[in-house]
Amino acid sequence: MTAEYAIAIDIGTSGIRAQSYDLTNDKTISTAITLRHPLPGANVVDHLHFALEVGRNKANELLIDAINKVIGSLEVDNVKRLSVCGNPIQLSLFNNIEIRDLAFWGENALKEHDITPPSRKSKILKASQLGLDIPGEADILIPPAIKHEIGADALAMLYKSDALNKDEDSLIIDFGTNAEMALIVEGEIYTASAAAGPAIEGQTIEKGRLASPNTICDIEKEDNYWRMKVLNDDLMVVDGDLINPRTGDTIQKGDIEAKGITGTGVIAAFSLGIEDDIIKEGKVNDRIYLQDDIYLTQNDISNIGKALGAFRAAELTLCESSEIYLDEIDSVYMAGASGFYVDAIKSMKIGQIPTSSDEIYQIGNTSLAMAHDIAINPDLLDELQGIADDIESNHIMLATSEIFEKIYSLELSIYEENMPFWMYKEWLGKYGFQDIPPLNENPKIHKLFDRDIANEGEKPIQTVDISNTMNASFDNCIYCMKCVDNCPENALSLSGDGFHLRSDLCSGLGCLRCMTNCSEKAFKYNKFYNKGSE
Amino acid sequence: MSYQDLEEKMNQEKIAIRYNVVAEGAAMKAEDYPEVKEILPEEEPFRTISLEILYEDKINALKDVKKALDEGISPIEIINNGLMKGIDAVSTLYTKGVYFLPDLMLAGDAMMESVKECESVLGRKSDTKGTVVCFVAEGDPHDIGKNLILMFLRAGGYEAIDLGRDVPAAKVVEAVKEYDPIFLTGTALMTTTMTAFSKVVDALEEAGLEVPAIGCGGGAVRKDYVESMPMTVYGVEAYHTPKLADAILNDNKNWEDLRKEYSDVVGEFVSEYAS
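Listed in order, the protein sequences are those of chains H and U.
Under our numbering, the final residue of the first sequence carries the number 868; numbering is consecutive throughout.
Under our numbering, the final residue of the second sequence carries the number 349; numbering is consecutive throughout.
Excised from the complex, chain U in its bound form (with noise of 0.2 Å):
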């Protein structure tokens, strides 16, 4: 019997207990977790906003931004009491375990598009915590790590710049000429294109450039090959990504002390750091 027919041939009426409340999953609303009330605003409008980034809703967000712009609400004052208050909620949701991969990316893309809006009245970029360039290793294709780690970077505060996929070595040099970050991230999936961090570590070498920290992960990227050559770091989940870059902003980290460190950084227990 399937269970549409069960309820059908149930007296509702009766029911006292939910049985399937698991399966169901938590009744509880996402504003209601202790952690998120500790983080939204109780002030309006920036209540309204952060709590449409906290679900999502990217159509409102945006709406509800510009009435905001139009009322002469700073958008400074919105970017950080309203949509920076409601991307650290989702952040604290996921990490909970609450949320999951694809709440990120919706949460993170309407919190991109209405720090837009605001930074189009503004005149300018919105000041950040600091600069990080984000690429996908040359030759490859997969951007679904260094999507995430856009999101993170953003939702903790940074200014990410995004190289996008197959990004050759020089193009990663221009980038830290330009912007002079304090962090780099390079992603890869495939082993063959792996290779394409220690090229990116010569070329600014060359230039003579220097990064405090280059953090590599994805899919195929092995520790031990990221750690055989210098700058470089290995990055374990793309959430840790902005505990990385606050260690070297906060605390003057570099990629030797990460690597030493990593597990304290990132503050959890990190099994390929663990030996």
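So that you can see chain H by itself, here it is in the shape it has in the complex (with noise of 0.2 Å):
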């Protein structure tokens, strides 16, 4: 009998994490990865913009393209069936249902567009329903959201964490662009979900980068410099060069060469570069000097200062609503991929996650971890339809809290007012709030694996290229070369009179400096696209 292979794929905003499996063995058979997600976006609402934009059809298929792509690079045939996790709209896009309900909030918006939102309970399709590149007839297994926004991702962080089954008050975080929140209090789940914003990914920072090889992703203090952590071509941690962060020397060179800066390793240089006083009051003089000609600028600083804040100000938020001292947390567990790889005690140090916390666990990537689960075993569908139906969770809609509110305009103060944080605390006491707890100078970090992805087989790790490429001409273009030149992605190039848009790196709906930076405002975005559908 030949074998028979299963596949568990994790569709993130920052990217695609596949894996195929032997299920005569369950042994994990190939790993591939994709660097960036196939639609124009820097995060999940401008993907979903996109979408509205060109149209349900026209993303569902730019999404099932790149993940054939995937598939195909995970070299098993005979699949007999493949599992998806993620967030409400990633798999709202992958089997193309309605996402409106998830573009716009209130009563008004859903009336107006005349929006029904769809059921996100678990379902079983067809590889032939959704133009899959496996045997038509293999089951197709997508688990279920929790409620509306809160998805199958935040399923599985509760699900992998184990936190339900355990007698003890635990915090769990997926860091991410968007930052689920499940705080287990006696029993009881109190879920958010912060907007950190794509700083977290190093997204929106000028020299930042998502995890790729040669980027910085972690810092240490050697003496009175700094040490760079470099990701290599394995994706795995090497030593960089020694740098004096106040002027940029290099004071020994690294084995590695430096071409960004990962979210998390922003988040190092803003816990030293607070630590060694280059970072004041949320402000910085100059620049924060790193490995080859890679800095950070104080708008960085300021964009990286209000994602933290937003983690802070939501477990804040969360546990004054769940009426919890942040101290009496038991267990922080932090998932995905930027919460496996940022060193936990600096994310502790700048109140990432609380500063009082206690047993720290660094779960990994849950989302493809719940994905591997369900390919292996299809019967836990079923069960994890049963525990979303059970979870009774009281979800606090961050943007109408009026505790959150308080809380992050304070966060707003020390990072675009330069608020000391001494007046922070003072005005937490006169919101009658909780004190922020003094740090926890021993906690115990359990780390179970070298990756955010655990076993991932036999072969390498493959990075897929999933690039597509989109073109336009513009009339009455110059051709001055100002849209290329300031595309911040390199998304953009010319060859004859058309231009070239690869939609995978560019940054969407939220950045337009292609269009904006346009002297003859001839650069219309949507020519890409709408000429694409042709």
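In case anyone wonders, no lab produced these hints; they're calculated from the structure.
Please note that the accuracy of each hint is not assured.
As the list claims (entries may be wrong) - Capping the alpha-carbon separation at 30 Å, the derived lysine-lysine pairs in DSSO-like fashion look like this:
#1 U/K190 / U/K141
#2 H/K617 / U/K190
#3 U/K317 / U/K199
#4 U/K297 / H/K855
#5 H/K587 / H/K617
#6 U/K297 / H/K617
#7 U/K273 / H/K445
#8 U/K141 / H/K764
Said to hold, decoys possible - Per the computed footprint, the stretches of chain H lying under chain U, defined by three or more beta-carbons under 8 Å from a beta-carbon of chain U, are:
#9 434–442
#10 727–740
#11 749–762
Note that the coordinates shown come from a computational prediction; the quantities given were computed from them, not determined experimentally.
The beta-carbon is built from N, C-alpha and C at its ideal position, and this holds for glycine as well.
Mind docking these for me? Both chains are given alone in their own frames, and the hints should help you get the complex.
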């Protein structure tokens, strides 16, 4: 009998991760990742916005096309089933169902656009229905959302952390541009979703990049200098240069070149910057200099600061809403790639996770791990639906929470208006909220694997090129190249009289620097996809 | 050694220099800043009331406003000579970097509650420089920006009508008919909801209505998008709003003028309008 295989896929905002398994022995065969998402955009709302602009079908087509490329690079045939996991927007794009209910908030907008929110319960489809390049009769297993915007990704972090089965109060955070959080207090679950912003993934940072080879992902102090920790071609951490962050002088050369910095690297620089007094009251005088002309500007510091502020404000809001003190939380679970690679101590020092954290678990990519479990055992889908139904989660809508508004305005005051931290603490007291607990000097950190993806299989991880090019030309264009020169992602190029846009690299409708920098007002971004659909 | 341990070991009588002045912030009281001194009234009970707003003390502000009203002091005078002076001082300290967002929010709340108290005696809305209508784009729940705009407008002497969040274009049109505002502001945080602004402009045009300007701003709002339609002005900071309203009211500026003269109107360099 020929071997049968299963595939698990995590559709993340910053990329797709997939694995194949041999169903006779449940062993991992191959792992493939992409470094970008196929839709233009720096965050999931950009993806959503793009999908609204081009239409659901076109967005679905781009996503399925990229997933097929990933499946191809896994190099397995005779696939019996494929499971996916991701947030509700990505999973809705994947199986091409209504997304507009996730794009707008409020009764008025839903009525105006005549939107009926679809069911996001668990379901099993056939590969042929979705146009996936595996045998048409293979099952496609889609896990349930807990409700509306709390998706299968949040279910994954709850399920894989096993926090629901432990008799303790715990905080579970999925580190990403949208930080999903769940606080479990005496068995009761409180959830929130903090729009931390793309800075957490290294985006909107001038020299920032998603985690990829040659990016600075951590920094450690050596004497009075900073040692860069850089990802190599296998995404393993190796020593980079030793640098004086105030001047950029190289004290000692490392073995690897750096081309950018990841979100976790920025967090490390932020934490050390505060420790070394380079950042004072949210402000940096000049720049923070790192290896190979990588640096952080005041604007970068402000962006990462506001993102970290969203974490802290959301955690405080959850605790205030559930009437628990931060230092009463027994365990903190950090899920997601960023939550895995970030130095937990630095994350604590700058308040991204509670300063009082005691037991810290860095559990990695729980979405892929849950998709794996489903792929191996499809019956789990029913069980997960049961868990989702049973979760009477108290969801706290941060955008409309008065507590969050008060605390987030304090965060904005720090990072935009340079309010000192002692004043922040004073304000918490004035509002009648709990204080930020002192730093726990000796937290216990549990990290079970070397990488955020466990069991990568015998073959090395494949990085899949999902590049997709859209073309357009513009009337009245004088070819001054301002559009191309101003593209922060080098996504735009010109040959002949036609412009070519790499949709996977493009930051999308939240950026549009190509269009805004056009001196002739000739550049029309939408020509790329209107033409593409002809 | 922690600060506390150190303090216990020190002979406090021998300490002549406070080494941590910066960390503890300015020793100067809010009322002692020269700019604030110029604003605050001398005469009682207005001075006390204005100080209570300055120090964000809603409970005592309400108490003293009620007392003054009981004593027969005109509610108009309490608003103009007490409450407005206090909030003017708060805005000044905010612009100076002494006060921060939460100060604005608390002082603004204290002022608005006190104004309501005065208006209940007055039997009508108090006179203002003009009316401005403020809304959050349809489909968007994020309203911190709009709340700040309300605060700055009210501090600047305007009647600011709050339409809330997730406001459909039709409701904005109704409000424009009802209040005939000199200025309209719309805010959005999500890129997906920014498109609501063009719907508002279309709906106003369809209803044959016009406002001198619609200030559009917020997290994900782009200047080029705002400027792709008529009637709108890209707003950069919440505290610019009353200055834009002043320019409309006093100098008859419209949206086209404001786009050209934004930096001059708000009285500071604004990089978004630099080129």
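Structure-based check of all given hints:
Distance hint between U/K190 and U/K141 is fulfilled; the C-alpha atoms sit about 14 Å from each other, no more than 30 Å. Note on H/K617 and U/K190: the hinted pairing is violated, with a Cα-Cα distance of about 40 Å set against a maximum of 30 Å. Annotation: proposed proximity of U/K317 to U/K199 holds, straight-line Cα distance about 22 Å (limit 30 Å). Annotation: proposed proximity of U/K297 to H/K855 holds, straight-line Cα distance about 14 Å (limit 30 Å).
For the suggested pair H/K587 and H/K617, the alpha carbons sit about 29 Å apart, so the restraint of at most 30 Å is met. Simply put, U/K297 and H/K617 have alpha-carbon atoms about 26 Å apart, close enough for the 30 Å limit, and the pair holds. For the hint linking U/K273 to H/K445, the alpha-carbon distance of about 15 Å falls within 30 Å, and the restraint holds. Restraint check for U/K141 and H/K764: satisfied, since their Cα atoms lie roughly 26 Å apart, inside the 30 Å limit.
As drawn, the segment 434–442 of chain H meets chain U at 6 residues by the rule of a beta-carbon pair under 8 Å; at three or more, the given contact holds. Figure legend: the segment 727–740 of chain H, annotated as covered by chain U; annotation consistent (5 residues with Cβ-Cβ distances under 8 Å, at least 3 required). With 7 residues carrying a beta carbon less than 8 Å from a beta carbon of chain U, the segment 749–762 of chain H meets the three-residue requirement, and the given coverage holds.
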